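S.K.: Now for the letters of each chain:
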Amino acid sequence: MQELDTAGLGSVRVTRQSDKVVILEKDLVTEQMVLAMGPQHPSTHGVLKLECLTDGEVITEAEPCLGYLHRCFEKCCENVDYPAVVPYTDRLDYLAGMNSEFAYAITVEKLLDIEIPRRVEFIRVIVAELNRIASHLVAIGTYGIDLGAFTPFLFCFRDREIILGLLEWASGARMLYNYIWIGGLAYDVPADFLKRVREFVTYFRPKALELSNLLTENEIFVKRTWGIGIMPADVAVNYGWSGPMLRGSGVKWDLRRNDPYSIYPELDFKVPVPDGKYSIIGDCLSRHLVRAWEMDESLKIIEQCIDKMPSAEGFNSRSAIPKRIRPKAGEVYGRAENPRGELGFYIESDGKSTKPLRCKARSSCFVNLSAMKDLSKGQLIPDLVAIIGSIDIVLGEVDR
Amino acid sequence: MSSTALSQFSIPFLMGNSLNAWSEALAGFYLFGLPLGLVIIAAIPLVFIALYSLTYGVYGERKISAFMQDRLGPMEVGKWGILQTIADILKLLQKEDIVPTSADKFLFVVGPGILFVGSFLAFAVLPFSPAFIGANLNVGLFYAIGIVAIEVVGILAAGWGSNNKWSLYGAVRSVAQIVSYEIPAAIALLCGAMMAGTLDMQKINILQSGSYGFAHFYLFHSPIAWLPFLIYFIASLAEVNRAPFDIPEAESELVAGYFTEYTGMKFAVIFLAEYGSMFMVSAIISIVFLGGWNSPLPNIGSVALNDWTNGPVWGAFWIITKGFFFIFVQMWLRWTLPRLRVDQLMYLCWKVLTPFAFISFVLTAIWEICIP
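The listed protein sequences correspond, in order, to chains E and X.
Positions 101 to 500 (the working numbering) are the ones given, in order, by the first sequence.
Positions -1 to 370 (the working numbering) are the ones given, in order, by the second sequence.
Source of the hints: derived by calculation from the structure; they are not laboratory data.
Hints are supplied without guarantee of correctness; some may be wrong.
Pairs of lysine-lysine, DSSO-like flavour, derived with a Cα cap of 27 Å [stated by the list, open to error]: (1) E:Lys473 x X:Lys349; (2) X:Lys89 x E:Lys149; (3) E:Lys370 x E:Lys400; (4) E:Lys149 x E:Lys400; (5) E:Lys477 x X:Lys163; (6) E:Lys370 x E:Lys423; (7) E:Lys377 x E:Lys323; (8) E:Lys428 x E:Lys400; (9) E:Lys377 x E:Lys149; (10) X:Lys349 x E:Lys323; (11) E:Lys477 x E:Lys210.
Just so it is clear, the structure is predicted and the values come from calculations on it, not from any experiment.
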């Protein structure tokens, strides 16, 4: 940070329009100030620290400092059996535990090459999509808080509460589920679960509309996010972005479609990307819109799954679970579309042990956050907050 | 205070005389030729009004926000949590009073005091009823506009004295914001003063009395009177740092803005000053545009609603009701709207509100000249 060359830069506020950089404001050269934003800052979504070099309110340089929530996930995995890794994956992206478990389970199943009962797949997709909605609700709600709108946050949490209740009913836990096991599920869903899920879907549709009226269509909200933190599609791809971030930049990339797993190919859903009608493609508003649209698609997926769900007749959720997991020597990389992007697990097995030799997690938040430096240059502090919020990081996944 | 003055002040009180005797003695109390006793007598009810209004302002804020957010709000202390604010104040009193070691101690301590004083001084010229006004200045409105600006000094002292970068940002933003928004606010109030032809707060109210109730209010005085009314309302939101203009204390950006470092009673004083200002601007807008202590009800034939609902006690009721209504609108906005960015805030002030304030000023002047 200290050796940053800012000679003659002065205070420059820039924005990106299509492919060229436009200078909005240019001031005299003044003394710059190092501003530590975080790890105890309300809008860094946990314990992220941003070391900013500021000139007045304009950020000339922002460097993310990580590691405040490092819990040695990968080392822990090397010391426990394959099934015992599942609870650790919950703690990666703790807002979307089901999705993380799902990604880990399909990776190990790929390594073991085992067949999964069809009902298990449907239940997995339902809980994962429910969790995706819950996670997006947190993302949208906290984004509102970042921009000063407190009420949408509580509306989001009210609805998320219902999802957490449903998932607690199924798994026994509210956030750290340990529900999706390798080869199956911890339990079958309770008797009336699907009915309640359908009730939730019908309940949530008008609530999503309400949320969009209150937040997404709010003039001030649009003013605060429109054209802020624009990421062109090629740069986003080069950074390795994934999930709503990449789709916000206009790239139609969704692993549920592009690298299909589970029963997603049978389901009918769209991959929403901004078309530039409501926002500049790649800005904060696009990313927000993608999340809002994805909630709708998730609702569709859940409805289809409930309709197509095989009956529970003679079903045992643990029937395909191997008694002892000792994969053949080899390596595998499995990935799944998480609410925040691609969560991948690279697992290496030595063929002798019941523990993974190596288990590397490729986390979406970490990769998405790496573009912070590029995005924050020349932005105001309020815009920096808007950008961090739109990246929607979960520090549990960034630091692992 | 000199020793003779002190004895005059305290002897009747110590002798156990009645309250009346005490206040009479106080009325005769002069300090350096100034009737300080009279000032104190007038100040006591004002401070009580202000404290009550903000105590229930805080309670109202919590309940209203709870209502808007599908929550219950405070429910534990007293019935429906009605004593919650008092419990909060008691808690804040017990908190450790921390002055950061690297802070400028003088400014750090003096800042909240200036803020509090600035916010409460304006209460002196608010006519709470036809029979009661703290100080009936002939330039009351001018005084009210001017004295609020003292708050800026307090905010700057607090922000600078804290020696915290976030506080400094908050203070600088706040000064820029309040100083800017005073221009459209003052011009909008000037429209009201033009309609009245006086700056005397009590006279502004008297001029809005009449048997048709609300029809005499300056909001309906001319076809463009709603414009200065709207401008002053928006500008007053910015002046008291309320959402969507709460950028000086923008929680998600600046942690807590200029009062990040404050704890205990100093924090409470800043907090109370904020709520005091809220009531103050609400009272001013209702005095200038909505008739202050005048009843909005008209006389309908023989049913003399207006006459029945006017008078000293009714007056206090009406102005406090109107004040609380505007506080409610402020809270409603706060819990609905996101926050503007600094440059958008300045854009709104200088490129939207100020020109429109001038337009309404000119139009009001023309209206006043052409239609007597």
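S.K.: Each hint: holds or not?
M.R.: The hints, checked one at a time:
For the proposed pair E:Lys473 and X:Lys349, the alpha carbon gap of about 33 Å is over 27 Å, so the pair is violated. For the suggested pair X:Lys89 and E:Lys149, the alpha carbons sit about 32 Å apart, so the restraint of at most 27 Å is broken. Simply put, E:Lys370 and E:Lys400 have alpha-carbon atoms about 10 Å apart, close enough for the 27 Å limit, and the pair holds. For the given pair, E:Lys149 sits about 38 Å from E:Lys400 by alpha-carbon distance, which is inconsistent with the 27 Å threshold.
Note on E:Lys477 and X:Lys163: the hinted pairing holds, with a Cα-Cα distance of about 20 Å set against a maximum of 27 Å. Restraint check for E:Lys370 and E:Lys423: the C-alpha separation of about 38 Å exceeds 27 Å, so the hint is violated. Note on E:Lys377 and E:Lys323: the hinted pairing holds, with a Cα-Cα distance of about 15 Å set against a maximum of 27 Å. Restraint check for E:Lys428 and E:Lys400: the C-alpha separation of about 39 Å exceeds 27 Å, so the hint is violated.
Restraint check for E:Lys377 and E:Lys149: the C-alpha separation of about 35 Å exceeds 27 Å, so the hint is violated. Between the alpha carbons of X:Lys349 and E:Lys323 the distance comes to roughly 16 Å, so the proposed pair stays at or under 27 Å and holds. Proposed proximity of E:Lys477 and E:Lys210 is contradicted: the alpha carbons are some 42 Å apart, above 27 Å.
Against the hints set out earlier in the document, violations occur for numbers 1, 2, 4, 6, 8, 9 and 11.
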